[in-house]
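Asker: So you can see what is in the structure, the chains are spelled out below.
There are 4 protein chains.
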Amino acid sequence: MEYDLKIDAATTSFSSCADRFVKGGYKPNYEFERQLEMLAAVDGITGVALDFPSQYDDPATLTKQLDKVGLQLGMTEIDMYSTAKWRYGSLSAADDGLRAEAIELVKRGIDAAIEAQGFDVQLWLGQDGYEYPFQSNLDDSWARLYEAIEEVVAYRPEMKISIEYKIKEPRNRCYISTVGKALYICERTGRVNAGITLDVGHSLMALENPAESAVLSMQRDRLFHLHMNDNYRDWDHDMIPGSVNLWETVELFYWLEKMGFDGWYGIDIYPYREDGTAALTRTVRSMYKFREVAQRLLETGIEKLQAESDAIGVMDLLIEEILQ
Amino acid sequence: MEYDLKIDAATTSFSSCADRFVKGGYKPNYEFERQLEMLAAVDGITGVALDFPSQYDDPATLTKQLDKVGLQLGMTEIDMYSTAKWRYGSLSAADDGLRAEAIELVKRGIDAAIEAQGFDVQLWLGQDGYEYPFQSNLDDSWARLYEAIEEVVAYRPEMKISIEYKIKEPRNRCYISTVGKALYICERTGRVNAGITLDVGHSLMALENPAESAVLSMQRDRLFHLHMNDNYRDWDHDMIPGSVNLWETVELFYWLEKMGFDGWYGIDIYPYREDGTAALTRTVRSMYKFREVAQRLLETGIEKLQAESDAIGVMDLLIEEILQ
Amino acid sequence: MEYDLKIDAATTSFSSCADRFVKGGYKPNYEFERQLEMLAAVDGITGVALDFPSQYDDPATLTKQLDKVGLQLGMTEIDMYSTAKWRYGSLSAADDGLRAEAIELVKRGIDAAIEAQGFDVQLWLGQDGYEYPFQSNLDDSWARLYEAIEEVVAYRPEMKISIEYKIKEPRNRCYISTVGKALYICERTGRVNAGITLDVGHSLMALENPAESAVLSMQRDRLFHLHMNDNYRDWDHDMIPGSVNLWETVELFYWLEKMGFDGWYGIDIYPYREDGTAALTRTVRSMYKFREVAQRLLETGIEKLQAESDAIGVMDLLIEEILQ
Amino acid sequence: MEYDLKIDAATTSFSSCADRFVKGGYKPNYEFERQLEMLAAVDGITGVALDFPSQYDDPATLTKQLDKVGLQLGMTEIDMYSTAKWRYGSLSAADDGLRAEAIELVKRGIDAAIEAQGFDVQLWLGQDGYEYPFQSNLDDSWARLYEAIEEVVAYRPEMKISIEYKIKEPRNRCYISTVGKALYICERTGRVNAGITLDVGHSLMALENPAESAVLSMQRDRLFHLHMNDNYRDWDHDMIPGSVNLWETVELFYWLEKMGFDGWYGIDIYPYREDGTAALTRTVRSMYKFREVAQRLLETGIEKLQAESDAIGVMDLLIEEILQ
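Residue numbers (our numbering), protein chains in the order written: chain A, 1 to 324; chain B, 1 to 324; chain C, 1 to 324; chain D, 1 to 324.
Where chains are identical, the list cannot tell them apart; a pair therefore holds if satisfied intra-copy or between any two copies.
Using 30 Å as the maximum straight-line C-alpha spacing, the simulated DSBU-like pairs for lysine-lysine come out as follows:
{"id": "1", "residue 1": "K23", "residue 2": "K64"}
{"id": "2", "residue 1": "K289", "residue 2": "K304"}
{"id": "3", "residue 1": "K85", "residue 2": "K107"}
{"id": "4", "residue 1": "K68", "residue 2": "K107"}
{"id": "5", "residue 1": "K23", "residue 2": "K85"}
{"id": "6", "residue 1": "K258", "residue 2": "K289"}
{"id": "7", "residue 1": "K304", "residue 2": "K85"}
{"id": "8", "residue 1": "K6", "residue 2": "K107"}
These are computed hints drawn from the structure, not numbers from a lab.
Using the sequences plus the hints, can you model the full thing?
Answerer: As C-alpha cells, then:
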C-alpha cells in the first residue's frame, strides 16, 4: 500500500488518557522520545503534532529527535490551556499582563515552528470562554481576542496560523465555537495565512456537517489542517474516524478529494481504553479506505443526482455500491 | 407604563398554528385585516412583520391597511419558503430559472419595503439546505448562495438586508446556520446594509448564547432585528421569551441596553395552544420586565466581577437581587 | 429476492407531507384507497399501519379494502393527536369527560383491530405532555396516564398494546419519552400484552442506541413493533433508514436477528421532498441489505471481541468486511 | 436563618478539579480531614457524601472523623469507577472474577454504611457502558447488570440502595441512562429499598425535566437522594444549581415540597475555577431561596392554572411574582 497522504498525529494515544474521574489515567504514559518512536512505527503516519512549549521548546533539539525517528513536524499547537494559569483565558484574558504573555508565547511558537520547518501553528483557545450567564464581559473579551489574533497573524506572514474552533470544553462555552466564527475572524484579518483546523468532532458537536465546513473553508483557501475523529454529535469523544458517522466522514473525504485539499490530515483521537498503536493503525487504514471510497464516488456521476437534489438516487449509490 | 421599544410581531399568533400532525391547526385562522387589528390592539406592539408577496404585494394598499390600525411596517420577509416550489432552495437553487426568479422576488420585495417605509428586508432562507449526506453539491450551492446575496445586498444600499440564520427546519440542514456564518457573509459583502436578524430561539438551537451573538453582531453594526422567543436549545419551539432560559434572556437585554441597540425588537412566537392576544401581551410585558432588570444590573458594578471572571459574585447578584 | 420480513408502512409517503411552513404540503395527497394500492405496489411491503378511527372505523369495510390490494393490517394506531380537541392530552387529560372519551376510543380501536385481524394496537400519545415549566400537574397527569393505560391493557388481553414512546413533538415534552419509561409502565401493569413500538428515530432523539432499546425490550418479550427511520439524533426527521446512522442501524438488525424478533418491521418515514414509492422502495431494499449484513456479522465471531470490549477488533470487522 | 434541609456534599469542591486537559487540576487538593473541616464550615451543610473504599474503608475511623467536625454520613457511593481496573465495567463486567469482586465490594460498602449510620448506598455505574457501535454484547451485559443489582439490593434490605443514572461519561454510553431505566430496574426487583439518586444535571443531559423525574420516582417512594447542580442540557458540567435553568430548578423544589420529599439534598458540583467554599455557600443559599419561592408558589392556586394547561397564567405568576 502506498501512503501518499500527509498524516500527523498528536502523542495522546501513548499518554495516560486521564479524565476527571480516572485521574491516574487508563493507560501508561510514555516518555516523549518513546512516544515519537511509537508514533513513527505506525504505518502511514509521517508527521507529528506537538504542543509548544510543553512538548518542545527548542527547535534544534526537536529537529534531531524527529530526524532520529523519521517524522516531520506537522502542527505546532500553542499550549495555553494545560495549566491552571490560563483558567480564565489566554488571548482574551482580561488581565493585561497575562494576555501580553500569551501573545508573546504565540510569537515564540511561530518562530520555533518556522525554525523546525513545521507546517502550521495552531491556536486552539480552549480556555478562552466562560461557564455562566453574565460571567463574561462579552464585548471586551471578543475585542481583545480579535485584536490579539490579528496581531499574531500579522507577525510572520510566511507561517500559516490555523484556528481550531470548538464550541465547548474545557470551558462550558468557548468563544471561537464554529466554522462560521472562525471564517469571520480569518476574513476580517484580510490575511492569507489565517486559516482553519477542522476538527471533525468539533464540527459535529457544533451540529455542523464537517464536509460543508471543509468546503466553506476551502472556498477561501483557508483549510490548513484536519483533525480526524468522531463522536455522537454531543461531545468531543475523540473516537476513531468513521466509527459512528460513516456517511458524513466519507462525504468529507469526497470534498477533500474533489477540491484538492493539500494540507495535513491530522489524527486527534483519545483511545482511553484502547491500545494506542492499534487505534492509530485502524485510523490510518480507515482514512485510506474512506478516500478510496470517495474517489470511486467521484466517478459515479453523483453530481447529476445532486443537481436534482435526488436524495434517493444518492442513497441508491451509497447502499448498493459501498456496502458489500 | 411607557412603551418606548420598537416592537413588531408576525401575525402567527392569530393564525391556525398548524403542525405536521394537526394539519387543521390548533386555532382559528383570522383574515389578514383582522390579524392586523388584533395585533394593533396588543399594548406595546407598534409594528408588524410581514411576508412579501404572500401577505402584502402592493405597498400602497398595505400602507392604508397599516394606517387604519396604527401600525408601522417593521420587517418585510421575502417568502421563498411556504410553497412546494421552493422545496430545493431559493437563492441557492441549482435550477437557474428558479434562482433568477428568487433574486428577482427579493429585489421586488426591497422595492416594496422601501415604498412602504419598512425598516428592513429579511432573508430567512429556510428551504436552502439539504436533508441527506451527499445530497447537496456543497461547493456549487454555497457559491450560488453567496453570489445571490451579494447581488441583492448591492441592489439598493439604502435598505437594510437582514439575514436570519437558522440551523435547521424546514430543511434538516440549512446553509446559513449560525451567527458566525451570517457574519462571515456580511463581512464578505463589505456592505453596511448587510446585517443580521437574531432569532433568540435559532441562536439557542445552534447552541449559542444569544447575548454573545448579539454582541458580535453589534460590534460590526450588523444587528438589525431581533426575533424574541425561547426553547429548550433543541428545536425552534417559538415559546414565550424567558419562559425557559431566563438568565440568558436577561443577559441579552443587558447587552442590548449596554451597547445601545436601536433596531426592532421583533416577536416571533408560535402559541399553538395559547390565546394569541394573551401570549403576545405576556411577551411584551416580559420584554419590558427583562429590560428593566437589565438596566438595574447595569448599575450594580457587575463589570468588575466580570473582569475577574467571578461567577459566584455574579450569581450572588442574580439570585439575591432579581429573585424576590 | 425473497421477502420474508413482515413489513408494514403508514400511508404518509402518499400524503401531502405538510409542515408548519408549507401548509399546503410538498406533494399531492392521494385518496385512501389509492394510497393502499400504491403501498401494495411496493415490493416487500405486505402490511399497512392505519389510524383508528381517522383512517378506518369499520373493520369489515377495511378488510375488503385490504383484501382487494392484498395487504394485511399490521398496526392500528389510536388517533388521539391529529385534531385540536386533544391539544392538552388524551389518556392523561385533566378533563374527566375527555379522558373517558379517550379511553373509550382506545377500547373501540382494540375491538376494531381484533375484528380486522390486526397485529397490535398502538398508543402513541403525542399530545400527552406539556410545553412550559410549571404548566403540568406532573403528579396528577402521570397518575391519570398510568391508570388509563392499565385499564386499556386489561381490556382485551388477547390484543397486544404497543406503547410508542417519543420524547417530544408535537408537545415540547411528552410524558412517555424513553424506552425506560415505556418499560417501567409495561412492567407495572404485569401484563404480557403490554409492549413497545420502537421507533428508531424516537430512540435516537432520546439519545438512545436503538439496538440497546430493542434488546432491553426483547429481554422482557415486550418488543412488538418497529418503526424504521433515521435522523441526526436531534428531531424526528423520519428519514430513510440507515441514511445517517449506518452502524447503529445495522447493529439494531444484528440484535433483532440474534434474539429472533418476530414482530412487524414498520416503516415510518416522511419523504417530504421525495417520491413516495421511490422512498419506500429504497427503505425496503436497505432493510433487507442491513439484515443480510447483520446475518454475516453473526457468523464472524464478533461475540468474542465483545466479551473483551475490543472496539478496534470490532471496527476492523466493520470497515474491512462491510465497506467495499 | 434556620437550616432544616438535610444537605450533604461530596468533597470535590476541595479537590484539584482536574480535567483531561489540565491534569494537574485548577486548584489545590486538600487532605481528607481538611476537606471534612472545610465542608463542615459551610453554613447549612450537615452531611457528607463519600466514596467507599477510596475515601473511607473503616466505619469506626470515619465515625470519629465525622464526629470531630460535626457531620453526618449521608451517601456512601461505591467507587468502581476511579481506577483503570474498572474500565470495561463493574457490575456488568464480562470478566466473571471482576464482576464477583464488584458485587463483593458493594456488599462490603453496604456493611460499612450501615455501621457508619449512613443514609444510603449509591450505585453510580459510570464505567458500565460502551463507546462504539457493536462493542457491547448488549444482551449479556444487561442480564449481568440486572442480576448483580438484584443481588446487592437483596443483601441487606434495611439499607437503601440508590441508583444514580447517567446517560454518559466516562463511558460514551452508560447502561443505566435515564430515570425510566432506573425505575424499570427498581420495579423489577420488587424491593422497597431499591431507589434513585436524581442528579439534576444527569436528568437535564438526558433531556428530562428533573421535576418530572422526581415526581415519577416519588410516586413509587423511590426518590432517596438528590444531586443538585446545573448544566446546559448537554453535558455534566456540575454547575451551581439554578445558574442556567432557573425555572426548572424551582419547579423541582415545588414538587419536592408538595410531595414531601424527606431524603437528602446532596450537592454535586465541580467548581473547577471557583473557590470551593464560596461555591458551596452560594449553592446552599440558592437551594433555600428556591425552596422558599416554591413554598410561595404552592400558595398561589397554581394548580387551577395547571388543570387548565394555562401556560400564560402560569407565566404571569412566575414573571410577576418571582422576578423583582
